[in-house]
Each structure stands twice: as structure tokens, then as C-alpha cells.
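Chains as they are written, first to last, in the working numbering: chain A, 5 to 572; chain B, 5 to 572.
Hints are computed from structural coordinates only; laboratory data are not their basis.
Note that the coordinates shown come from a computational prediction; the quantities given were computed from them, not determined experimentally.
Just to be clear, a hint being listed does not mean it is correct.
If several chains are the same, the list does not tell them apart, and a pair holds so long as it fits within one copy or across any two.
25 Å max Cα-Cα, derived DSS-like pairs, lysine-lysine [unchecked claim]:
(1) K13 - K177
(2) K13 - K244
(3) K11 - K177
(4) K376 - K409
(5) K177 - K41
(6) K120 - K354
There are 2 protein chains.
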Amino acid sequence: MIDVSAKRKLADVVIKNGKIVNVFTREIMSGDVAIYKGKIVGIGSYEGKKMVDAEGRYICPGFIDGHIHIESSLVTPQEFARMLAPHGVTTAICDPHEIANVAGKEGIQFMLDDAKEAPIDLRFMLPSCVPATSFEHAGATLLADDLAPFFSHPSVLGLAEVMDYPAVLTGEKQMLDKLTMTQNVTNQIDGHAAGLNIEALNVYRTAGIRNDHEAVTAEEALDRLRLGFYVMIRQGSGAKDLPALISIINEQTARRLLFCTDDKHLDELIEEGTIDHSIRLAIQHGIDPLVAIQMATLNAAECFGLYTKGAVAPGYEADLLLLNDLETISIYQVWRKGQLIAQNGTCFHKKQNDRTLSEQLTQSVHLPSITKEQLQIPVNDQALVMEIIPNTIMTKKRIESVTVKNGLFVPSTALDQLKITVIERHHRTGNIGLGIVKGMKLQRGAIATTIAHDSHNLIAVGTNDEDMLTCIQEIERMQGGIVVADNGKIIGTLPLHIGGLMSKHPAEQVVEELYQLEQALKAVGAPTHFNPLLTLSFLALPVIPELKITDMGLFDVTTFQHISVAVQ
Amino acid sequence: MIDVSAKRKLADVVIKNGKIVNVFTREIMSGDVAIYKGKIVGIGSYEGKKMVDAEGRYICPGFIDGHIHIESSLVTPQEFARMLAPHGVTTAICDPHEIANVAGKEGIQFMLDDAKEAPIDLRFMLPSCVPATSFEHAGATLLADDLAPFFSHPSVLGLAEVMDYPAVLTGEKQMLDKLTMTQNVTNQIDGHAAGLNIEALNVYRTAGIRNDHEAVTAEEALDRLRLGFYVMIRQGSGAKDLPALISIINEQTARRLLFCTDDKHLDELIEEGTIDHSIRLAIQHGIDPLVAIQMATLNAAECFGLYTKGAVAPGYEADLLLLNDLETISIYQVWRKGQLIAQNGTCFHKKQNDRTLSEQLTQSVHLPSITKEQLQIPVNDQALVMEIIPNTIMTKKRIESVTVKNGLFVPSTALDQLKITVIERHHRTGNIGLGIVKGMKLQRGAIATTIAHDSHNLIAVGTNDEDMLTCIQEIERMQGGIVVADNGKIIGTLPLHIGGLMSKHPAEQVVEELYQLEQALKAVGAPTHFNPLLTLSFLALPVIPELKITDMGLFDVTTFQHISVAVQ
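The task is simple: from the sequences and hints, build the whole structure.
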């Protein structure tokens with residue numbers, strides 16, 4: 005590389021006639037960019053085996069997504085990376101929290117292995133909260149000793165979002181083991197400080213947690229910055245916090261700010277983009293494009309100690325974008341390690357041969373035989389009802405009069421009171437949680453899915469027991485995925501072969517399958533003003549108020565206790 | 005620590021009523037600072053075993069010196085740290101280049117061991133250029149394999165200033181070994197890019213070098229910033245670059261700028277300060293005090309990947325200053341790891357028991373018996389003369405008519421042509437370099453010292469051979485130091501017990517000894533408008549133009565060849 009830098013040897017690639025975005029000084033500069041063996045080796049006047057004419061475009065460092073759960077896209081790391089690439093994301097910091105809750109170490113290893121062949125650089129944080137809570141049964145338990153061997157993997161950066169604040173606060177041993185182990189190896193511990201006040205943030209920072217992506221107000225973001233957290237401004241398919249946080253970006257604060265998506269669905273990713281979308285939004289809100297680009301590049305690299313990423317300069321990885329402009333961030337080409345990987349919205353990556361997947365990943369649905377009787381909910385006239393708050397992952401806890409027959413709850417489309425169940429699917433324990441949900445608005449049939457945060461048990465909602473059973477049986481047959489049934493017939497499926505979370509199909513095919521599934525959902529009357537599948541998958545997350553359901557039954561998040569559906 | 009942060013347990017120390025300098029947001033904030041086991045565990049409302057009233061003073065992170073050679077202070081690391089502490093420097097990144105050139109690994113180990121007991125945090129970069137050049141004989145040779153074991157020492161951060169640019173440019177194997185070894189362990193490689201142009205800087209950055217402290221013009225500094233170097237603005241006893249570089253400090257650039265001193269003499273350190281002095285100067289030049297403090301704290305910490313330094317926030321080391329104001333940076337108290345180490349200019353550190361020093365350190369002067377004949381310089385009427393350029397480390401190469409007797413050079417105070425010699429003192433090789441120097445202006449007697457950059461052989465200058473020999477013999481007897489002789493008598497000495505570079509005496513005593521030595525220097529007519537000892541010690545550095553002298557003889561830096569004194 006020194007030989008090439010010193011011009012004794014030709015570069016592999018030289019990009020000429022570009023306007024270089026210098027994130028160190030926030031300037032636009034001229035000069036050729038010389039690339040050799042995947043790294044930038046010089047800015048100036050160079051000759052290479054391949055000469056690329058930027059035709060006056062901006063040469064910008066590749067973008068970095070600070071925190072993402074690939075599983076939310078329903079495709080494999082490789083496929084997800086192929087979709088990210090055209091949007092200029094050349095590095096993403098991934099938390100395989102979902103697959104780890106299903107398949108433990110095997111799940112993490114799959115992500116690492118598949119990511120190795122991805123067209124962009126996927127780095128990993130090790131899931132810190134598997135299982136996520138003690139109020140449900142997950143597929144695996146990961147202690148510090150389980151995580152330790154992964155630290156030697158070159159793609160592993162540290163410990164993923166520490167969600168279990170109570171465990172940190174109380175100094176729970178298994179949590180401290182993970183924190184201290186990580187601090188002994190690296191100092192990268194990601195935060196998840198949802199709703200924490202300053203007193204809690206003090207504890208959280210003291211525990212070595214370095215960043216947070218859960219600030220949803222400017223005040224929260226400032227609290228975090230002031231206490232030394234890097235703040236990730238999240239704009240994904242779930243939370244869209246950028247508009248609320250835009251006011252904190254200024255000359256004083258910007259260096260400790262970066263972007264992330266957290267969760268990004270395929271359709272939105274393809275339609276509006278990802279980190280490029282965040283930059284565009286920031287610019288639309290009046291932020292200097294070079295500040296926004298710094299956030300997406302140098303700042304993110306600094307946050308994660310990635311010293312060879314985030315800039316167009318010698319010694320840095322040749323992860324580059326050619327941008328048509330700095331207003332709309334229109335992306336012409338994307339280069340990763342000196343290779344052109346995408347142009348005008350298309351990634352050139354060819355999927356490697358299908359990986360042989362272990363049984364733990366492909367056979368992840370283990371159900372007992374379920375009978376109608378097991379879905380019965382004994383109630384009186386009144387019962388507890390979970391009411392969906394559309395476009396949030398929260399619910400309201402209500403007491404309502406319900407239809408009762410022979411002492412058992414009967415779903416009612418008229419009252420919008422449907423039956424919901426969570427069935428433990430990892431170890432065939434026979435645990436079945438039952439409840440009543442309002443707001444799902446199905447007019448007929450049933451839906452079921454193996455995506456149910458965070459333990460990803462089987463969750464099903466229905467207007468009648470028969471269709472619910474049909475869905476459950478089909479999910480077992482498919483070994484994971486999403487099913488819609490109506491009148492005893494399967495009318496829509498999306499197989500999720502890998503852990504019941506990710507499809508083995510190409511992203512384009514999954515998009516098509518999702519479209520077909522949406523038609524089936526419409527056929528049973530599922531609402532369209534919010535995402536019914538996303539909403540369903542979060543009804544099992546027992547840390548978000550007020551009422552949730554796990555395989556262990558209905559759960560009152562305000563008292564942190566399981567609770568009976570029947571009102572005495 | 006979590007217990008204290010969560011207020012379940014009392015803090016060790018709580019500092020109340022302070023105005024906290026927040027370097028993340030560049031704000032002044034209120035709140036108690038709670039400290040436990042040397043770390044900050046909370047900002048807010050706390051109670052501690054010890055309550056400290058800041059009385060409205062500013063609570064500021066401790067300052068960091070980005071690059072310093074302790075040896076230039078003539079005292080041990082512990083003593084130097086004791087002098088630094090009252091000036092608010094709680095961390096210094098040290099390069100033991102000088103002692104390593106004398107005593108190799110033993111020298112580095114001594115610095116590490118002594119530093120362990122210092123009141124402030126001394127971190128070390130491993131000398132990359134021992135010997136500094138092939139045109140002289142140093143006391144040791146350090147290859148990558150010699151340095152490797154030191155990387156496991158907790159105080160070692162990386163590789164020290166890579167001065168041998170030609171070795172980098174040509175890809176010289178021993179240099180590449182050191183660079184790649186360091187990159188495999190840490191990514192911290194310090195630069196020394198004196199005078200390098202953009203083409204050379206490309207090569208230098210490509211080689212993984214991350215910072216530079218040798219920019220002496222704003223243009224040079226900007227070149228370095230733009231290519232991705234952190235730039236240290238140096239203001240020491242030698243180079244004073246801050247005024248020339250002040251114009252580059254702005255909102256765009258500041259985050260990649262920090263301060264260093266490189267070399268700082270005891271008297272100046274005591275009189276004007278060090279990094280505190282740099283901050284004051286910057287403020288006087290119109291820089292926002294909070295920007296200047298960021299440079300001295302957070303920016304420096306980021307540059308060196310010191311994630312728990314450089315800020316007043318939970319999880320950070322309790323290295324704190326109480327400042328009386330933010331205009332003159334008047335320092336009231338200095339805290340290191342939660343301990344009060346200095347107040348109103350006085351450090352409370354008590355020196356530990358004298359370390360037993362190895363012979364390699366205390367017996368470092370190995371001379372052959374030197375006779376007058378060995379100091380003879382055969383010349384014709386004309387000879388090459390090194391002319392000192394005052395207050396620089398450069399010389400001019402001149403040809404002058406000289407006084408000759410029996411074909412041998414005779415020193416002349418009238419012509420200001422004195423004799424100079426460099427005698428190899430590490431391995432008793434018998435190498436003696438001889439030359440003629442102009443500008444030292446002695447009127448009588450002679451001076452000798454074992455500080456002679458970078459190989460630290462014995463260098464002596466005199467008006468007559470007898471006094472030169474007297475000096476040389478006394479240096480051998482003292483085993484290192486500085487000697488002034490006149491008319492056959494020793495009239496001033498400063499013993500430098502450790503490697504001929506550092507005194508084992510307390511700093512205050514060394515200051516007094518230096519004062520006495522100055523009187524002796526005045527007595528033999530040494531100039532006072534520049535530092536004659538400093539100038540003398542750099543006449544042996546064969547990389548600074550135009551004419552220098554090593555133990556191998558006179559050296560022409562323009563042609564990189566040894567050269568005869570006699571002009572044919």
C-alpha cells in the first residue's frame with residue numbers, strides 16, 4: 005500500500021473528477037482518490053489500473069447504521085445487506101437479539117457466518133438480554149460464558165443494547181458478568197435507555213454503557229449527551245424519532261450524534277431508504293448536509309472505535325459513495341472496500357450458494373398437540389381486555405363485558421373482542437397463554453406468526469378457534485412464518501424458514517410474498533391504518549405497558565405480574 | 005459503583021456547589037459530582053463520606069498532554085508528574101525515546117516502573133526509532149521483537165512518534181515490522197511529520213500513523229487535518245507553535261485538535277505552566293475557553309482511545325480540576341482518581357522510597373581513556389565550521405579561515421571558533437567525532453554533557469583541550485550529567501544519575517542545581533540570549549540541517565554523508 009501511495013506502483017482503482025466530502029474539516033475538496041487492496045492510499049494525483057470518472061459528483065464516505073435488528077426485515081443478513089447497499093450504507097452495527105432468543109449461540113453464529121458473504125460490512129453486538137424477561141419462555145438462555153467465545157470473532161464489537169435496566173440497577177449477577185466481561189475485552193456496550201430519567205442514566209453510564217438510541221424527545225436526548233452517551237437518532241419502521249430530535253443538532257452537540265434505524269422493513273427500505281433517508285430528513289429540517297453526513301459517517305465510526313471507517317482519507321477503508329448532489333443525497337454509486345457494489349439503486353451482489361442450515365434453525369417450532377379445549381378461556385360476564393393503541397407497541401388494560409357461553413369466552417367481531425394466544429414453541433413445554441384483544445378488528449378467520457417479541461413464541465389471534473387451530477397447524481408444518489386462515493382454509497402464508505424469523509428467499513421474493521399476505525389480511529378484515537402483523541408481534545412483549553400476553557398467560561405490565569383474564 | 009450511583013451507598017467524595025464544564029455539549033452545568041473508587045458515578049444530588057465545597061468554582065476535566073518526553077525535564081517520571089500536577093495535567097502521553105536510546109528496554113522499563121508511583125497518569129508510547137539514525141552509535145537497538153512484550157503493559161498505548169519517514173516511504177523492513185505489529189495490537193501510532201508535504205503525508209497516513217505534532221504553520225496543520233491526522237498544537241520549551249496555528253481552530257476543525265508540549269523544561273514548567281499555559285494562550289488569542297478545554301480533554305482522550313478520560317460524567321475517571329475562572333484558567337485544586345493531589349500550585353505527592361536502579365541505568369558512561377592527541381583536528385587554513393542559528397536546532401555550514409598550529413586547529417575566542425567533540429559513551433567503542441563550532445561564544449573553559457540528541461553520546465565544546473578533558477573526566481566520574489570547567493577546575497556540575505539524562509534528585513533541587521550551573525556557564529561566557537545547553541545537545545542530531553556532529557564525525561545533513569573538517 006505504501007508503494008501505491010508513493011506512486012511506485014499503480015493503484016487498483018482511481019476515482020477522478022470528484023468533489024471529496026471531507027468530514028474532518030467539513031469542506032468539499034478536489035483530488036483523485038487512489039484505492040489499493042480495499043483501502044484508500046492517497047488523495048491527490050494518481051494513476052490506477054482502473055480509472056473511474058466521477059463526472060463532478062461528490063465522493064462521500066459510506067454511511068453507517070449505528071443499530072439495527074436484521075431479523076425485522078424478514079430476510080437473511082446477506083439479503084438485507086444487498087438491499088441496504090444501494091442506499092449507501094456500507095457498514096451496519098447489528099444486534100441479532102431476535103434469532104438469539106430463538107436459537108441462542110447457533111443463531112448468532114448463523115448471522116456471523118451469513119454476514120461474512122454480505123456485500124457490506126455487518127458488525128455485531130452480542131445480545132445482552134436472552135431471555136429478555138423472566139415472564140416468558142425463550143428458546144435459549146445466554147450467559148456471559150456463552151457470549152465470551154464470540155468476542156474473538158473479527159465482526160464482533162461488543163455487547164448489544166442492555167435493555168434490562170432493573171438488572172443493571174440492582175447489580176444482578178448475570179448482568180454484571182456480561183458488563184464486566186465486555187469491559188475487559190472492549191469498551192463497547194450499547195444502551196437502550198427507554199424512558200430513563202437522569203438518576204437512572206447515572207447508573208446506566210456508571211455501568212459502562214456508552215450510547216442510547218431510545219431518546220424520543222429533545223430533552224431526553226440532551227440529558228443523555230450531557231452525561232456522556234453518544235445519542236443515536238432513530239428513524240426506522242417502528243420508531244421515527246428524528247423530527248422530535250432534530251432541534252438538538254448543533255455545532256456543540258453534533259459530534260456525539262449519529263443515526264440508526266433499529267428496525268427497518270423491506271418495503272419501507274426499498275421505498276424511502278434508510279440512513280440516506282435520515283440524512284435527507286435532517287437536511288429538510290435545515291441541518292447542514294455536511295453535518296448530517298458527518299453524523300452518518302465519522303461520528304458513527306468514532307462512537308464504535310472504527311478507526312478506519314467514516315472518512316475519505318488515506319488509511320481508511322474504500323467504502324465510498326458517489327452522490328449526484330448534497331441536497332437530496334441522490335446516490336449514483338456505492339463502493340465497498342474498493343469494489344463497486346451498487347449503482348442507481350441496484351446492488352450487484354450475487355448470493356452465495358445456499359448455506360446448509362442446522363436443524364436448530366430450520367426446525368424451530370416445537371408444539372404439543374393443541375386441541376380446541378386448550379384454547380378455552382373461562383370467564384364471567386366481565387373480562388380483562390388488551391386494547392391496541394394503533395401505531396404504538398403499547399396497549400390499554402380494559403375491563404369489558406364479553407360474550408360468554410357455557411362459562412367460556414366467545415370472540416365477537418361486533419364488539420371487536422378477539423381471542424389471542426401465545427404458545428411456547430421452543431421446547432414443547434405445553435405452555436399456553438390466553439387472552440382477549442381489542443383493536444385487531446378481524447371480521448373473520450385468524451392470523452398466527454412466530455414473530456412475537458422478544459421470545460418469539462407462536463402468537464395467534466382469531467375470530468374463532470377452528471381458524472386459529474388451522475393457522476397453528478400450518479405454522480408447525482412450515483416450521484415458522486406467518487399464516488392467515490379463513491373458514492378452515494389457509495388463504496395466505498409467509499414461510500420464515502430460519503428460526504421462524506427470516507425467510508431463505510431473496511428479498512424481492514419476500515416483498516412479493518408480503519404483498520400476497522397483505523391481500524389475505526385484508527380478506528379477513530385486518531386494519532390498514534396500522535401494521536397488524538407488527539402490532540401482533542409486540543403484544544407478547546411483557547415490558548411495554550399496560551397489558552401483554554406471554555406463553556405464561558396474560559401479563560399486567562403496571563404490576564409486573566401475571567393476571568387472570570376473568571374478572572372476579 | 006452502581007450502588008453508589010443509585011444512592012444505596014455513600015460516595016467516597018462528593019463535590020458540591022461547582023459549575024461543571026460539560027465538554028460533550030460545551031455548557032456549564034450545575035450538580036454534585038459523586039466519586040467512588042476513583043471514578044465518577046453520578047452527577048446530580050449526592051451524599052458522600054467526604055463532602056467538598058467547590059464554592060462556585062468550575063469543575064473541569066483534568067488536562068491531557070498528548071506528547072511529551074519526560075527526559076527533557078531532567079527529572080524522573082514521578083518528579084515530573086509532581087511538577088505537572090499543579091498545572092492540571094492529570095494524564096500525559098509519554099515517549100521515552102531518550103532513555104531508550106541510552107538503555108534500551110531497561111530504560112523503558114524504568115520509566116514504566118517509576119511512573120506507576122506518579123501522582124498523575126503517565127501513559128507510554130514505545131519508541132519507534134532506536135537508534136534514531138545510522139549515522140551515529142546509540143546505546144541500544146530496539147526492533148519490533150524487543151518492543152512486543154511491552155504492549156501487554158497497562159500503561160502502554162502504542163508506538164511513539166515515527167520520525168524515520170524515509171524508512172516508512174521505502175518500506176524498510178524493521179520499520180514495517182513495528183508498524184504492523186502495533187496495528188495488530190492497537191491502532192495507536194504517533195506521527196512526527198516534520199516538514200512533510202501532502203504527497204509524503206499520504207504515505208504516512210497509509211502506513212497507519214494517526215497524529216502529528218510537528219505542524220508549524222496553519223497550512224501544514226490543515227493539510228494534516230484534511231488527510232485524517234489528529235493535529236497536536238505544540239507549545240513547549242523547544243518549539244512554540246501555538247501562535248502560528250491558532251487560526252486553524254474553529255467549529256469545523258476543533259474536534260480533531262489537541263495540545264502537547266513535546267519538551268518542557270522544569271523552570272518554564274514551574275513559571276508559566278504547561279497545557280494550562282496552552283489553554284490560556286489560546287483564550288488570549290480569542291478561542292472560546294470551552295473549545296480550548298475540549299481540546300485539552302475530550303479531544304485528546306478521543307485521539308488516544310481513552311474512553312474513560314476527558315470529561316466530567318459518570319463512568320469517567322475522577323480526574324478533575326477546580327478552576328477559579330475560565331479566563332485565566334487559575335487552578336485551585338487538582339484531583340486524580342478521586343484523590344486531591346494538588347492545591348494552589350503545590351502537589352501533595354510524597355516520593356516513594358528510592359528505587360534500586362540497575363547498573364545499566366546508573367553506569368551509562370563508558371569511555372576509553374582520552375588523550376589530548378585524540379582531540380586534535382588536522383586542518384589547512386580553511387575548515388568547515390558549524391554555525392549555530394540561535395533559538396533553533398539548525399546550523400549553517402560555513403567555510404572559514406581558522407587558526408592553525410603545526411597543522412592542527414587551534415580554538416579562537418576572538419573568531420568564535422571553538423572545538424567540539426562527540427565521544428561514543430555507551431559501548432566504549434573509541435569513536436570520537438571532532439569539529440569546529442561558531443556561535444557558542446565561550447570566552448574561556450569548556451562545557452560537556454551526556455544529553456546529546458538522539459543517541460546521547462558525550463558532547464563537549466571548549467576553548468582549550470585541557471578544560472575539555474577535565475569536563476570529560478568529571479562526566480565519567482559522575483556517570484553522566486553536565487559539567488563546566490575553567491582553567492583546569494570544575495566550576496559547575498549537574499549530575500544526571502539515570503542514563504546520563506535524568507537526576508535522581510527532587511525537582512526543586514534540580515532547579516537549584518540548574519541555577520548554579522547557569523552561573524558557571526555565565527562565568528565562561530556562554531550566551532544568555534539562547535539556551536546554550538539545549539543548543540549544544542542538538543548539535544549531535546544528524547537529521548536537522550545543515551552541519552552536525554556525531555561520534556562518527558562531522559555530518560553534512562544536506563548530502564547525508566560524513567565529511568572532513570579540513571577543506572582540501
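Hints and how they fare:
1. K13 - K177: Answer is between: at 18 Å across copies they meet the 25 Å cutoff, but 56 Å inside does not.
2. K13 - K244: Result: close neither inside a copy nor across copies, 48 Å intra and 39 Å inter.
3. K11 - K177: Only across copies: K11 and K177 sit 19 Å apart there, 56 Å inside one copy, limit 25 Å.
4. K376 - K409: Cα proximity of K376 and K409: one copy only (15 Å, versus 121 Å across).
5. K177 - K41: Answer is between; shortest inter-copy Cα gap is 20 Å, intra-copy 45 Å.
6. K120 - K354: Within one copy only: 13 Å inside a chain, 55 Å across chains, cut-off 25 Å.
Checked against the numbered hints above, the structure violates only hint 2.
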